[in-house]
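If you're matching them up, the sequences are chains A, B, C, D, E and F in order.
Going by my numbering, 39 is the number at position 39 of the first sequence; the sequence numbering is gapless.
Going by my numbering, 22 is the number at position 22 of the second sequence; the sequence numbering is gapless.
Going by my numbering, 84 is the number at position 84 of the third sequence; the sequence numbering is gapless.
Going by my numbering, 106 is the number at position 106 of the fourth sequence; the sequence numbering is gapless.
Going by my numbering, 85 is the number at position 85 of the fifth sequence; the sequence numbering is gapless.
Going by my numbering, 70 is the number at position 70 of the sixth sequence; the sequence numbering is gapless.
Quick caveat, the hints were computed from the structure, so don't treat them as lab data.
Take these hints with a grain of salt, some might be off.
Short derived list, chain E residues pointing at chain F, Cβ under 8 Å [said to hold, decoys possible]:
id, residue
1, T77
2, R116
3, G120
Far from chain C, some chain D residues (derived; all Cβ distances over 10 Å) [stated by the list, open to error]:
id, residue
4, E10
5, D11
6, P43
7, G95
8, E124
Heads up, the beta-carbon is just placed ideally off N, CA and C, and yes, glycines get one too.
Okay, here's what each chain looks like letter by letter:
6 protein chains.
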Amino acid sequence: MATLGMVEYEDANAEVRAVYDDIMRTRKTDWINNFWKALAHDPATLKRTWESIRQIMAAGALDALTKELIYVAVSATNQCGYCIASHTASARKAGMTDEMFAELMAVVGMANETNRLASGYQVEIDEKFRT
Amino acid sequence: MATLGMVEYEDANAEVRAVYDDIMRTRKTDWINNFWKALAHDPATLKRTWESIRQIMAAGALDALTKELIYVAVSATNQCGYCIASHTASARKAGMTDEMFAELMAVVGMANETNRLASGYQVEIDEKFRT
Amino acid sequence: MATLGMVEYEDANAEVRAVYDDIMRTRKTDWINNFWKALAHDPATLKRTWESIRQIMAAGALDALTKELIYVAVSATNQCGYCIASHTASARKAGMTDEMFAELMAVVGMANETNRLASGYQVEIDEKFRT
Amino acid sequence: MATLGMVEYEDANAEVRAVYDDIMRTRKTDWINNFWKALAHDPATLKRTWESIRQIMAAGALDALTKELIYVAVSATNQCGYCIASHTASARKAGMTDEMFAELMAVVGMANETNRLASGYQVEIDEKFRT
Amino acid sequence: MATLGMVEYEDANAEVRAVYDDIMRTRKTDWINNFWKALAHDPATLKRTWESIRQIMAAGALDALTKELIYVAVSATNQCGYCIASHTASARKAGMTDEMFAELMAVVGMANETNRLASGYQVEIDEKFRT
Amino acid sequence: MATLGMVEYEDANAEVRAVYDDIMRTRKTDWINNFWKALAHDPATLKRTWESIRQIMAAGALDALTKELIYVAVSATNQCGYCIASHTASARKAGMTDEMFAELMAVVGMANETNRLASGYQVEIDEKFRT
């Protein structure tokens with residue numbers, strides 16, 4: 001089989017269950033989404049990835065909603081279907097309204113356009129942006 | 001010559017100058033960065049791109065700083081050197097602190113990582129994210 | 001119709017059949033996967049692509065398994081669903097274990113993360129890497 | 001050294017020289033650009049890549065200029081600096097005017113924008129496009 | 001819900017209907033594809049995107065078919081499933097034959113290959129391409 | 001200033017120095033490359049990234065050289081100049097010969113080509129790859 005299947009809670013070992021428990025506690029939810037169930041085949045990566053995510057996505061100088069918007073922006077740019085679906089859901093849970101989503105998409109679209117105009121026209125970086 | 005060079009204000013026609021003037025007025029600045037000077041070879045694209053940017057980047061449901069952060073996130077994901085330099089400068093002007101920049105980069109990096117884990121593990125979208 | 005459909009062996013002309021036969025002989029298998037059946041609408045591209053693949057993927061200074069791992073790494077980075085599925089299967093056939101797959105994904109994820117950190121922080125290439 | 005340097009004609013072996021000669025003859029030019037001089041460290045890849053390029057880029061159902069425009073479109077999308085520079089030069093040699101270049105860039109920019117809008121909005125493929 | 005659903009003509013407000021009408025008139029068709037029905041949740045983006053597309057995709061120095069080919073080239077490079085399906089259909093409507101499609105794909109594939117060879121070999125831009 | 005500059009050892013705080021020391025000890029070298037000096041502006045990201053890299057890149061089911069080859073493959077695919085330069089150097093240090101590098105590039109190039117052929121031809125995943 002090409003894929004490895006999902007590791008359900010009842011089939012998980014203690015190390016994996018500890019991560020699942022922490023995900024549900026941190027996110028105040030009672031289920032685990034497929035991303036983590038797939039990663040659970042590699043408990044070391046599961047643990048490292050979750051702990052990184054928990055640390056990075058916590059509110060800091062940027063609030064949790066802003067971070068979720070950035071996550072969606074990257075995922076849409078990379079055309080990752082799973083990530084767009086899951087992080088759009090997370091962003092909504094964190095407070096993203098329809099208006100915010102629409103503006104987010106408009107910025108993501110425009111940035112992807114001007115990125116290619118800048119490259120295609122071989123624009124050199126202005127001195128003022130270097131110093 | 002592969003590239004077309006920059007159209008300076010003094011060499012620009014009236015249509016291009018009108019856009020340059022609007023850029024400087026809107027951004028409260030007295031210079032035009034190379035991106036626009038390159039696009040000015042195609043006044044229709046210059047005008048359309050600037051008017052789209054002005055409309056999209058104005059504060060709305062998302063504030064101007066959040067929009068600049070999203071712009072940097074896309075540009076870093078696409079590895080566009082010019083766009084990273086220019087929009088990091090814009091984001092700082094809009095209020096991005098060093099702490100915000102650091103958190104922005106951490107989210108962008110992590111999202112790019114998990115995008116590939118989701119794809120590589122061939123994770124299917126959860127039903128809860130579809131409905 | 002947007003797509004062209006698959007060219008099955010019984011419907012293929014002599015030129016296409018010769019490629020199909022060589023694919024099955026080289027890969028010690030009795031079926032042709034959809035990628036080749038789609039390309040067969042353009043026999044010149046089918047032949048050139050297969051001959052390039054056969055030459056490139058043969059064991060050389062790098063063994064066949066290492067080459068398949070690299071193929072999966074590129075496909076996951078590009079988020080190509082078909083390619084991830086087909087080359088993950090090829091890599092398993094060439095000897096990739098679950099442990100190897102997990103480590104492969106971890107490296108791919110991390111490389112995609114640090115690629116953006118390097119770009120986003122506008123890191124200059126060290127002199128030692130240039131000389 | 002990280003890079004391998006360029007293989008100049010006078011230092012090239014007979015196999016590499018034969019490719020260089022064919023490049024100059026086909027392109028009606030008297031010099032070899034750096035891309036080929038770098039690839040020449042691997043004569044098998046040099047030969048295979050050149051022969052593929054020569055076959056693919058020759059006028060067929062699409063003329064040579066259209067093919068160069070497509071090459072620039074891909075290179076700008078991928079943000080490949082070398083490829084943008086070299087294929088913009090090739091496209092100009094094949095007849096691309098400033099007006100054509102401006103329209104090419106406009107299409108490339110817009111396509112990159114709508115690609116992300118389509119993904120970000122999770123738009124499903126219309127039945128009419130499937131059948 | 002992660003996605004917003006499609007805005008059908010009968011449920012659309014006057015502003016959205018005006019855009020839908022213009023799309024059908026311009027394209028000489030009697031239906032609206034899902035891309036626009038999704039964007040219609042944000043009438044400002046719907047209008048701006050459609051007007052940009054209409055302006056950019058109209059025949060100019062490049063004819064309409066060439067522009068559609070370029071659009072498919074970008075979409076295939078970005079691996080955008082929706083965009084590949086919809087613009088392949090548009091290109092066929094504009095006159096793309098099976099032979100043209102095959103040559104388009106061959107160029108797109110080769111450009112994506114040489115883009116990475118140029119980057120991976122760290123090839124420097126030739127002086128002749130700069131001046 | 002757009003970029004933040006490099007944090008040199010003598011200017012680093014104790015937390016950063018501890019990471020620098022561990023990098024030099026693990027890599028058996030006496031210098032720190034620019035990537036880490038840039039990240040050091042954000043000690044939390046510096047520490048997390050280094051510890052992830054150290055864990056991921058250590059020999060396991062895949063040896064250290066194979067992991068470096070995969071890192072270069074991703075970096076070339078993403079067109080990240082810094083990452084290509086630094087990880088090509090790392091791969092050479094880990095034992096990559098010129099022949100291996102040439103084969104690596106050939107596989108990376110070909111995978112990037114066939115990724116787009118698979119997407120552009122809208123190839124469906126074979127049942128055998130799903131089960």
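Original post:
Is the shortest C-beta separation between G120(E) and chain F less than 8 Å?
Top reply: 4 Å, holds
Original post:
G95(D): least C-beta distance to chain C exceeds 10 Å?
Top reply: G95(D) is indeed farther than 10 Å from all Cβ atoms of chain C, at 25 Å.
**OP:** Against chain C, does E10(D) hold up as non-interface, every C-beta pair farther apart than 10 Å?
**Re:** 24 Å, holds
Original post:
Taking the closest pair, is the beta carbon of D11(D) still more than 10 Å from chain C?
Top reply: 20 Å, holds
Original post:
Does the claim that E124(D) lies outside the interface with chain C hold up, using a Cβ gap greater than 10 Å?
Top reply: 14 Å, holds
**OP:** Against chain F, run the beta carbon of T77(E) and see if the smallest gap drops under 8 Å.
**Re:** Where the cut-off is 8 Å and the nearest Cβ of chain F is about 6 Å from T77(E), the hint holds.
Original post:
P43(D) clear of chain C by more than 10 Å, beta carbon to beta carbon?
Top reply: P43(D) is indeed farther than 10 Å from all Cβ atoms of chain C, at 13 Å.
Original post:
Can the hint on R116(E) be confirmed by a CB-to-CB distance to chain F that is less than 8 Å?
Top reply: 5 Å, holds
Violated hints: none; the structure is consistent with every hint.
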